[in-house]
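Peer 1: Residue-level listing of the chains:
There are 2 protein chains.
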Amino acid sequence: MNNIQQLTVNAIRALSSEGIDKANSGHPGLPLGCATIGYTLYSEILKHNPKHPDFFNRDRFVLSAGHGSMLLYTLLHVFGYDVSMDDLKSFRQAGSKTPGHPEYGVTPGVEVSTGPLGQGIANAVGLAVAESVMAAKYNKEGYNVVDHYTYALCGDGCMQEGIEYEAASIAGTWKLGKLIVIYDKNNITIEGSTDIAFTEDVGARHEAQGWQVLKVADGEDVDALINAVNEAKAEKDKPSLIIVRTQIGKGSKKEGSADCHGSPLGSALTEEMKKDMGYNYPPFTVPEEVKAHVASLQSKYDAYYEDWRALMKEYSKNFPEDAIQLNKDVANDYSNIDIFDGLWENAPKAEATRNSSGAVLNKVAKIVTNLIGGAADLAPSTKTYMKDLGDYFAGSRTGRNMHFGIREHAMSAICNGIQLHGGLNAFCSTFFVFSDYMKNAMRMSAIMSLPVTYVLTHDSIGVGEDGPTHEPVEQLAGLRAMPNLNVFRPADRRETVAAYVTAITSGKPTCIVCSRQDLVQLDKSGKEALKGGYVVYGEGTPDIILIGAGSEVGLCMESAKVLESEGVKVRVVSMPCIEVFEKQSEEYKNSVLPKSVTRRVAVEAGVTMPWYKFVGLDGKVIGLDSFGESGKPEVLMQKFGFTVDNVVKAAKEIL
Amino acid sequence: MNNIQQLTVNAIRALSSEGIDKANSGHPGLPLGCATIGYTLYSEILKHNPKHPDFFNRDRFVLSAGHGSMLLYTLLHVFGYDVSMDDLKSFRQAGSKTPGHPEYGVTPGVEVSTGPLGQGIANAVGLAVAESVMAAKYNKEGYNVVDHYTYALCGDGCMQEGIEYEAASIAGTWKLGKLIVIYDKNNITIEGSTDIAFTEDVGARHEAQGWQVLKVADGEDVDALINAVNEAKAEKDKPSLIIVRTQIGKGSKKEGSADCHGSPLGSALTEEMKKDMGYNYPPFTVPEEVKAHVASLQSKYDAYYEDWRALMKEYSKNFPEDAIQLNKDVANDYSNIDIFDGLWENAPKAEATRNSSGAVLNKVAKIVTNLIGGAADLAPSTKTYMKDLGDYFAGSRTGRNMHFGIREHAMSAICNGIQLHGGLNAFCSTFFVFSDYMKNAMRMSAIMSLPVTYVLTHDSIGVGEDGPTHEPVEQLAGLRAMPNLNVFRPADRRETVAAYVTAITSGKPTCIVCSRQDLVQLDKSGKEALKGGYVVYGEGTPDIILIGAGSEVGLCMESAKVLESEGVKVRVVSMPCIEVFEKQSEEYKNSVLPKSVTRRVAVEAGVTMPWYKFVGLDGKVIGLDSFGESGKPEVLMQKFGFTVDNVVKAAKEIL
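Quick note, the sequences are listed as chains W and A, same order.
Residues in the first sequence are numbered consecutively from 377, following our numbering.
Residues in the second sequence are numbered consecutively from 377, following our numbering.
It is worth saying that the hints were derived from the structure and are not from the lab.
If you're wondering where the values come from, they're calculated on a predicted model, not measured in any experiment.
Just so you know, even glycine gets a beta-carbon here, dropped at the ideal spot from N, CA and C.
Be careful, since some hints might not be right.
[Claimed, not checked] Covered by chain W, per the in silico footprint, the following chain A stretches (three or more residues, Cβ under 8 Å):
| no. | region |
| --- | --- |
| 1 | 544-551 |
| 2 | 556-567 |
| 3 | 992-1001 |
| 4 | 1011-1020 |
[What the hints assert, rightly or not] Listed next, the in silico DSS-like pairs over lysine-lysine satisfying Cα-Cα at most 30 Å (straight line):
| no. | chain 1 | residue 1 | chain 2 | residue 2 |
| --- | --- | --- | --- | --- |
| 5 | W | Lys-884 | A | Lys-959 |
| 6 | A | Lys-959 | W | Lys-1025 |
| 7 | A | Lys-667 | A | Lys-551 |
Sequences are here, hints too, so could you generate the full structure?
Peer 2: And the structure:
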């Protein structure tokens, strides 16, 4: 490391610690330990441009160890991104551009929201997949318009999480040669030395998973880091893991101790550290020499950007249709829902909504040509295979059906990465009950507002014989409780169309929750379902409203007819998506559920919790607040009270 | 394999397929592929006794690939467990002893409910941990009263799930030499060949994780299987993985095809298979020779049991106090809550409930001497270290503090295994938001009614600076929606005592959800909190009821005082555990929340969904239906409306 490099690294260390001290909150261990890695990445490795942080062919960098956010903010500031010194001083304050963990959309240069450990690696796999797809789709000889690397930086925490193993395994199978993960190996976690809980040979494990593994003995060795990255790039058929031996809290008096993982050093120790490294600048200073050094690099960054722009210009001339389509994919604008007009047809007879979903998905895939995805080894059951659209694998990056393997958590986080890359839309699928396995990655879709489509089938005790471990009960409530996520539980094929249209156009993640068993097709279903809840039966002001979702709408319809035969005026409301319904005008909501009609029964084969909001203290909810059972679906529905008799009885009790 | 062995294996294959055909539902692929492995386990390997399926020192067997349940039921029947031929004929029918996936407590000889892939391996790790703890605690020289192996059988599905990697990694670190996992490697999953999604070298990966890896080239080779198990036993310091090459659907026309994974062969193909293997018996028959063969083994099984009984008798004579304590641990009866009487004290001043929890846990650990557990590398933050009680590791199996590493999902499933073993109680801990990572294992605690204690701290936007990825919002609703799980969110230290007492005595899993920030101590808290909800403020019939939980009870108290100063009669209800409150008598519930008082405001820093049940269409819920933000906790609480002003305003609006 030469003098100016060392000075820059010192400045990064000082600024990081100063920012954390000022916030009196944060994690100095990683920023100090990885300052040199960070410097090397931003100065020598990444093809990026601070003035154009979003240019499409940039290298992507994911700080998987998101608690090290202050390092990232410091790097962005020092290298000239739109992150000011005041922003660094506002670290972790409400409304700032420098929140506690990196947040996508909040800070220029932050590619992914990270913090929940392990997920960043899976996001990086998704970014690398997207690059490989877009490259295969659009590059022409001499015109590598999509051609970049994906880097991630992670620590021991990420390496212990199951999702990292899952992501590493599929990355190896997919031979993602342009994925380079740097492992900040400091052998310290919060409870102390990794000896107490993590003795595995992480390198050998990754080799077993099909990775190239490289080692850098000293995290302060800039040249060794650059050489390792070059070796990583030379291996085209394997993702690379670069294991870098570092010291947590490097340079400070707490170097090597778990104490500095998540607690500020405090200004006394920070000043001592600065003194020890011979760095004599006031707090929140970037030395002029460092500024000049970084400025000297800008021409390189400009060249990355300008060269690509020039290439794109030539490409547009020589391959105009491809260029238009590429721009269209990147713009990803499907807001005109008229393009889905041909889809609004019901099935000719009763149909499981998983089959409806399969039919609709196959049509949607023809319209949304940048949609890719697949299942966690359940496509034949979840009906998510897109016919004639090929399979994505190492030898065929343009195939649109992905085989994620039995790795739900990584699948979801990989889809987040694909979506983050730009140019593609992603869907994934498993049994609804196993949404549990990927819940936090789904939460990250919601936090980042990524329109990933989750096709979740086998939605209730209607699963039947597989029994309680496979029968969702509380998952509907749990996912409906998640902010910024649509949970669509369609009652028939047209409602399934509404679910897909919402998924593609709403700009946030959508779950499409489907039945295993056949459902009747509703006469009145259709585009109204895009409002989340609507009247499917009954005229005028009713005596009572039955509210149902999914497979229970049919039950409400049957029950309504029985009640009407006894002189009761009934309205049936289908509520496929509570979240979307809640967003409608008060007027519309009141037209569907008039305040004056307080006699209401909600029916759903899941826990009752979501429905009290709609039925109040005087209404009833027919639901299932216990686990299911193994048995024939129709036997279970009977046993757990999802019968016309039971609905009619409940209605009469409150009439 | 000799003739009688082959005949028995054939019978197992036939019965398995016949049972699945009769149910017209189920998974024949594994039972056919692993019939010989199953036979070898039950005849030659397991130290078990069909007449005493629960004797304490038996070897434990976990069918991690739970979809292969019919193999297990067939083995249990053939080897003389209390599973009849009629039970086999009732496979997958409602109320039967032979449900779709193995269910703990339903079928004698089923050790664990399995089905969600990967978890069985983690359960087996927990069983092996428990064995090691109990052995270290109670064995004396010449008296190995606890001395058994734990076996698991898993397939490619289990091997791809992140939880298996997590469990394997910590099992290697813990040097669980008596854990033996058999990997049914048939290279087929539902979407086809494992080549498409799973090319990692599973053996090398386990070696990197500190396992001994053994291979059996042919799953039909009984002697090779026995030899491999003997080699596994000879390695005392490493868990062993035995990779057995098998053929899915072995013996049938669908052998080697994904088609037979989850669909019945049908009686025509089953009969053809029987013919092909020269097995000429009617459906649902156990040949007399097979019965005689199994009967000849019973004396061995009797010896296992009788020898252990004799050993225990001697042990009781020579080590009477240990014997009493061992029996007490196994009985695990803490139903007399008077033993916790010394705990019901509040903190002298405001205290974060995570600190309350730390204080209470340390006292509880002195009373509940068979309680072990720890955190997913967060003990210093979640305050779950038990002072002076040592650490559990390979060299010290009696230490009671466990270091699970950053592996939430495995942690929870390992605790399920510990609890299933008998003799111990388990707790585990992480940040509340990361309960997402272990949700399905928590669900398995609930399905099996295992009283695992989950200490989940940092419970709301009160987390502050770490931001939305670390701030739980929807987790309270999501876990409250789960059947058979207590979610306790205490408001002060005495309510934290109530949470622990409930956790230890309720016979099901309990979440103790704690604040990061200090909370005021309530005057009226105490044993009433064991009822889940109770009045903490106000006399007589109120004009309005404020309902709060956890950190928001204090806010309700302050708001009540303001309202009272304006002449409004207010009652404050603290509702630390909705599930427990719901179980109280109607009379009690009505005394807390009188039907006549319909003006109600619920306040909680989480999504509003759980509270509509208590406030109805006319009440209000002050909650948070969006994600949080990074910032100082007090700033966020203000920003998101958790203020006295806002509560008072809401109250006035409905008055």
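Peer 1: Now, for every hint given, state plainly whether the structure supports it.
Peer 2: Outcome of the hint check:
no. : hint                   : verdict
1   : 544-551                : holds (count 4)
2   : 556-567                : holds (count 3)
3   : 992-1001               : holds (count 4)
4   : 1011-1020              : holds (count 3)
5   : W:Lys-884 x A:Lys-959  : violated, 38 Å
6   : A:Lys-959 x W:Lys-1025 : holds, 24 Å
7   : A:Lys-667 x A:Lys-551  : violated, 39 Å
When the structure is compared with the earlier hints, violations turn up for hints 5 and 7 and for no others.
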